[in-house]
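> Sequence:
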Amino acid sequence: NEAGMGSAPNAAATAGVSHPVKQGLVQSLAVFFDTIVICTLTAFIVILYDNFYDSSNDGIQLTQVALSQHIGDWASIFSAVIIFFFAFSSVVGNYYYGETNISFLNQSGILLTIYRFLVLAMVMFGSLASIQVVWNMADLFMGMMAIVNLIAILLLSKIAIDVLQDYMKQKKQGKDPVFHYKNVKGLKNISWWGAQDEKK
224 NEAGMGSAPN AAATAGVSHP VKQGLVQSLA VFFDTIVICT LTAFIVILYD
274 NFYDSSNDGI QLTQVALSQH IGDWASIFSA VIIFFFAFSS VVGNYYYGET
324 NISFLNQSGI LLTIYRFLVL AMVMFGSLAS IQVVWNMADL FMGMMAIVNL
374 IAILLLSKIA IDVLQDYMKQ KKQGKDPVFH YKNVKGLKNI SWWGAQDEKK
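First residue of the sequence shown? That's 224 in our numbering, and the numbers climb one at a time after it.
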């Protein structure tokens with residue numbers, strides 16, 4: 224589970240909404256569904272497995288075996304297909320996030336080329352290395368992401384609260400909230416939320 228890592232705001236930021244808080248609320252629901260609902264259901268599948276304590280399997284193998292016991296042998300193939308699509312879409316999605324971030328920070332084609340080779344190298348490494356090494360590296364990098372994300376949240380918290388207050392103020396007035404960057408003090412280098420109209 225990667226809740227709190229800051230890996231999904233890139234996707235959320237592409238949504239076309241009239242107020243950023245609207246998309247923030249949608250993202251909160253997505254995190255709740257993924258973290259609470261999906262993870263809890265998976266935990267119940269594993270815990271209700273008869274040989275849960277004695278099983279030599281762990282990780283996804285344990286989930287596959289447990290699911291097969293509950294609903295039949297076909298569940299093992301079904302979960303393998305689901306995992307394949309989840310892994311493939313995760314690689315493509317995270318690659319896109321990284322490329323978007325690099326393009327935003329630096330327009331250099333050399334950096335993008337280096338990044339693409341690094342992604343391919345890591346995909347190959349992940350498929351060949353032992354599962355323990357892969358998970359240890361994932362834990363390390365996710366911990367680093369969490370630290371960076373928590374610092375960013377702390378630095379942006381005042382702006383986030385101001386934007387939320389703007390949303391709540393408009394809702395109390397019975398309006399469909401529409402955000403304009405001038406409603407919140409301290410916003411700089413804004414290219415959207417009203418700033419695009421001023422450039423015309």
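Derived by calculation from the structure, the hints in this document are not laboratory data. For every residue, glycine included, the Cβ atom is placed at its ideal position computed from N, Cα and C. It is possible that some hints are incorrect.
Computed Cβ-Cβ distance ranges for the label pairs, DEER-style [stated by the list, open to error]:
id, residue 1, residue 2, range
1, Q284, G316, 37 to 45 Å
2, F301, L328, 39 to 47 Å
3, L328, G295, 22 to 30 Å
4, I294, A383, 40 to 48 Å
5, I382, A310, 34 to 42 Å
6, K395, F309, 20 to 28 Å
> Compare the structure with each hint and give your call.
The hints, checked one at a time:
{"no.": "1", "hint": "Q284 with G316: 37 to 45 Å", "result": "25 Å, violated"}
{"no.": "2", "hint": "F301 with L328: 39 to 47 Å", "result": "41 Å, holds"}
{"no.": "3", "hint": "L328 with G295: 22 to 30 Å", "result": "50 Å, violated"}
{"no.": "4", "hint": "I294 with A383: 40 to 48 Å", "result": "43 Å, holds"}
{"no.": "5", "hint": "I382 with A310: 34 to 42 Å", "result": "35 Å, holds"}
{"no.": "6", "hint": "K395 with F309: 20 to 28 Å", "result": "41 Å, violated"}
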